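In case you want the letters, here they are:
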Amino acid sequence: MVIVNGQAESGIVGQTITEFLTKREAPLENIVVERNGDIVHRADFDVTLVAENDKIELISFVGGG
Amino acid sequence: MKEIQGLSYEAVYNGMKERNVKDSTAKLAGAHVTIAGVGGLGSNIAIALTRIGVGHLTLIDFDTVELSNLNRQQFKLSQLDMPKVTALKQNLQEFNPFVAIDTVQTKVTHDNVQDLFAGADIICEAFDNPAAKAMLLEAATEFYPDKPLVMGTGMAGIHSSNTITTKHPRPNLYIAGDGTSKGAEGLMAPRVMICAGHEANMIARLILGETDI
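Sequences listed follow chains A and B, in order. Counting from 1, one number per residue, gives the positions in the first sequence under my numbering. Counting from 1, one number per residue, gives the positions in the second sequence under my numbering.
Don't read these hints as lab results, they were simulated from the structure. Model, not experiment: these values are computed from the prediction. Built from N, CA and C at the ideal position, the CB exists for glycine as well. Worth double-checking, as some hints may not be accurate.
With a straight-line Cα cutoff of 30 angstroms, these simulated DSS-like cross-link-like pairs (lysine-lysine) come out [as the list claims (entries may be wrong)]: (1) A:Lys23 - B:Lys182; (2) B:Lys147 - B:Lys89; (3) B:Lys147 - B:Lys17; (4) B:Lys167 - A:Lys23; (5) B:Lys167 - A:Lys55.
A few chain B positions that, by computed beta-carbon distances, are all more than 12 angstroms from chain A [what the hints assert, rightly or not]: (6) Tyr13; (7) Asp23; (8) Gly119.
Based on the sequences and whatever the hints tell you, model everything.
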């Protein structure tokens with residue numbers, strides 16, 4: 001089980017961060033990914049795999065300011 | 001005796017101090033806040049922080065003043081085509097002479113974050129571009145994990161004022177806004193100023209030692 005933004009999700013273990021985000025239809029460049037308390041560097045999105053018991057927080061931004 | 005527009009230095013300083021929260025003025029004067037983006041959010045945040053006498057502001061923006069900015073950004077018709085950082089500094093200096101203001105006309109990228117924010121006690125994000133917001137959060141966390149970062153997201157449209165809040169999702173990170181309304185809906189001074197007020201008040205609270213939202 002993986003916790004994403006406080007909700008339990010299944011079927012995402014083993015995906016890269018890029019795969020996981022793309023399937024959520026979220027624009028990658030507007031999102032910061034926190035995994036187990038640490039920010040995942042954008043350059044590592046393709047090589048970081050979602051693991052069992054991960055706690056993921058997606059901090060997403062919208063335009064305007 | 002040093003004078004400011006014909007008034008004594010002390011009279012102007014005491015005027016600012018008189019209605020500031022008790023014992024806040026010296027702490028505010030000792031703080032350095034760097035504001036990334038001085039459009040709708042940043043220009044309003046800068047005015048609020050200037051009025052209460054935050055001692056040192058650094059303003060960063062690559063852009064110049066356009067007509068379409070004036071429905072929400074604190075510039076004047078007479079300042080069209082000026083660099084925003086230059087125009088804003090002019091305006092701020094008329095509000096409060098006790099603030100040291102640096103200006104940097106550049107685009108913030110991952111490569112210059114370390115240099116641009118080295119002197120800041122608090123980093124204020126006030127971009128309009130969502131990818132730039134995400135980039136700054138990532139870079140600031142990498143280079144300056146111990147500096148508070150105050151951000152804004154979601155202040156568009158004509159939705160209720162009361163949907164704009166300040167959140168504290170991780171240590172040293174504060175995010176104001178409704179989180180969802182997008183700039184394409186239109187951006188207007190009243191609601192943008194609410195979000196700017198959230199950011200400015202959080203910054204003032206942090207300077208005065210309040211870390212809760």
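The hints, checked one at a time:
1. At roughly 22 angstroms between alpha-carbon atoms, Lys23 (chain A) and Lys182 (chain B) fall within 30 angstroms of each other, so this suggested pair holds.
2. Between the alpha carbons of Lys147 (chain B) and Lys89 (chain B) the distance comes to roughly 24 angstroms, so the proposed pair stays at or under 30 angstroms and holds.
3. Taking the CA atoms of Lys147 (chain B) and Lys17 (chain B), the gap is near 27 angstroms; set against the 30 angstroms cutoff, the hint holds.
4. Distance check on the hinted pair: Lys167 (chain B) and Lys23 (chain A) sit about 26 angstroms apart at the alpha-carbon level, within 30 angstroms; holds.
5. Taken as a hint, the Lys167 (chain B) and Lys55 (chain A) pair is honoured in the structure, with Cα atoms around 19 angstroms apart against an allowance of 30 angstroms.
6. In this structure Tyr13 (chain B) is separated from chain A by more than 12 angstroms, as the shortest Cβ-Cβ distance comes to about 32 angstroms.
7. The claim that Asp23 (chain B) lies off the interface holds: its Cβ sits roughly 33 angstroms from the closest Cβ of chain A, which is beyond the 12 angstroms cut-off.
8. The non-interface label for Gly119 (chain B) is consistent with chain A: the shortest C-beta to C-beta separation is roughly 23 angstroms, beyond 12 angstroms.
Every hint, counting from the list given before, is met by this structure.
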